[in-house]
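*Asks:* Single-letter residue listing:
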Amino acid sequence: METLPIAHSKTREQLFTDLYLEAFPAIARYISKTGGDLEEAKDVFQEALVVYYEKVILQHHQITISEKAYLLGICKNIWLKRRSNVLKAQSLQDEALKEVAGKTLIKDKLLRFLQQTGEKCLALLQAFYYEKASMKELAERFEFRNERSATVQKYKCLTKVRTQIQKHALTYEDFMD
Amino acid sequence: MKTSWTETARIEDYLTHQEDIEGCLLLEAQLQLDAELAQRIAAQQASYALIQAHGRQLLRKEIKAVEHKIFHDTCYASFKKKIRSFFS
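Chains A and B, in that order, are what the protein sequence lines are.
Its first residue numbered 1, the first sequence is counted upward by one per residue in the numbering used here.
Its first residue numbered 1, the second sequence is counted upward by one per residue in the numbering used here.
Chain A with its partners taken away, still in its complex shape (with noise of 0.2 Å):
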């Protein structure tokens, strides 16, 4: 399986093991409390976990709270806007539906076709774009010369999904959740 490498003193699986143990208990009250499942619960703290390790493993972003705090808050906050989307999405009519729908397998099938033919460039293009890493790190772990190197490769890349992109007509917004 493809990961992602580790940008933390601790292992990764060891930081959301920690986490997990540290805030769930009070998210999945929360839920629990406010009408939802389980699985519900879960959902939105493995989305939660992925706004943390944005924001305060790959951006950096300082914290004042504990990281307890810090979880139920973000949690609260996808809770409460997933709650008014079903709201919102029961009310809209269904050819809307039709084009989330259509828009969402898309996405899907070109993240799929992505992966199977390009493994390497996005994982490439996913280092530099999402782990943030320097052109010095890419240049190291992919074995190009140089950074030189890289950093053309790296554009090759982006043409390519780019190129894949305007095929199928796709736009930023496909792409933002």
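Hints in this document: simulated from the structure, not taken from any laboratory.
Keep in mind it's a predicted model, so treat the numbers as computed, not measured.
Backbone N, C-alpha and C fix where the C-beta goes; we use that ideal spot for every residue, glycine too.
Cβ pair distances, simulated, as ranges:
| # | chain 1 | residue 1 | chain 2 | residue 2 | range |
| --- | --- | --- | --- | --- | --- |
| 1 | A | 84 | B | 61 | 24 to 30 Å |
| 2 | B | 71 | A | 135 | 37 to 43 Å |
| 3 | B | 28 | A | 152 | 22 to 28 Å |
| 4 | A | 143 | B | 81 | 44 to 50 Å |
| 5 | B | 32 | A | 26 | 54 to 60 Å |
Just a few of them, taken from the derived set where beta-carbon distance is under 7 Å, the chain B residues facing chain A:
| # | residue |
| --- | --- |
| 6 | 47 |
| 7 | 51 |
| 8 | 55 |
| 9 | 56 |
| 10 | 59 |
| 11 | 60 |
| 12 | 63 |
| 13 | 86 |
| 14 | 87 |
Once the Cα atoms are required to be at most 16 Å apart in a straight line, the calculated EDC-like pairs of lysine to aspartate or glutamate come out as:
| # | chain 1 | residue 1 | chain 2 | residue 2 |
| --- | --- | --- | --- | --- |
| 15 | B | 82 | A | 22 |
| 16 | B | 61 | A | 13 |
| 17 | B | 82 | A | 37 |
| 18 | B | 81 | B | 67 |
| 19 | B | 64 | A | 40 |
| 20 | B | 81 | A | 39 |
| 21 | B | 61 | A | 43 |
| 22 | B | 69 | A | 13 |
| 23 | A | 160 | B | 7 |
| 24 | B | 80 | A | 39 |
| 25 | A | 160 | B | 12 |
| 26 | B | 61 | A | 47 |
| 27 | B | 81 | A | 37 |
| 28 | A | 167 | B | 36 |
Given the coordinates of chain A, work out where chain B should sit on it, guided by the hints.
*Replies:* Showing chain B alone in chain A's frame:
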């Protein structure tokens, strides 16, 4: 359709405001002449969002694996019991 990597680099600089004023003006002038350039810029923005989506998808898989371990491994039985009690 022109898909050179140098153009991709220029668009990235333009979108991330790393392009100098001269470069920005040149690209904007090209936009007036090349209707497809706007499509390529839009597609490049979408590419960044797709890469983010992919990164999140991988991270989510790792989190799910941790969750599976916590809810199925016997050493976390009391934790699991505590969580289930909130929903019973």
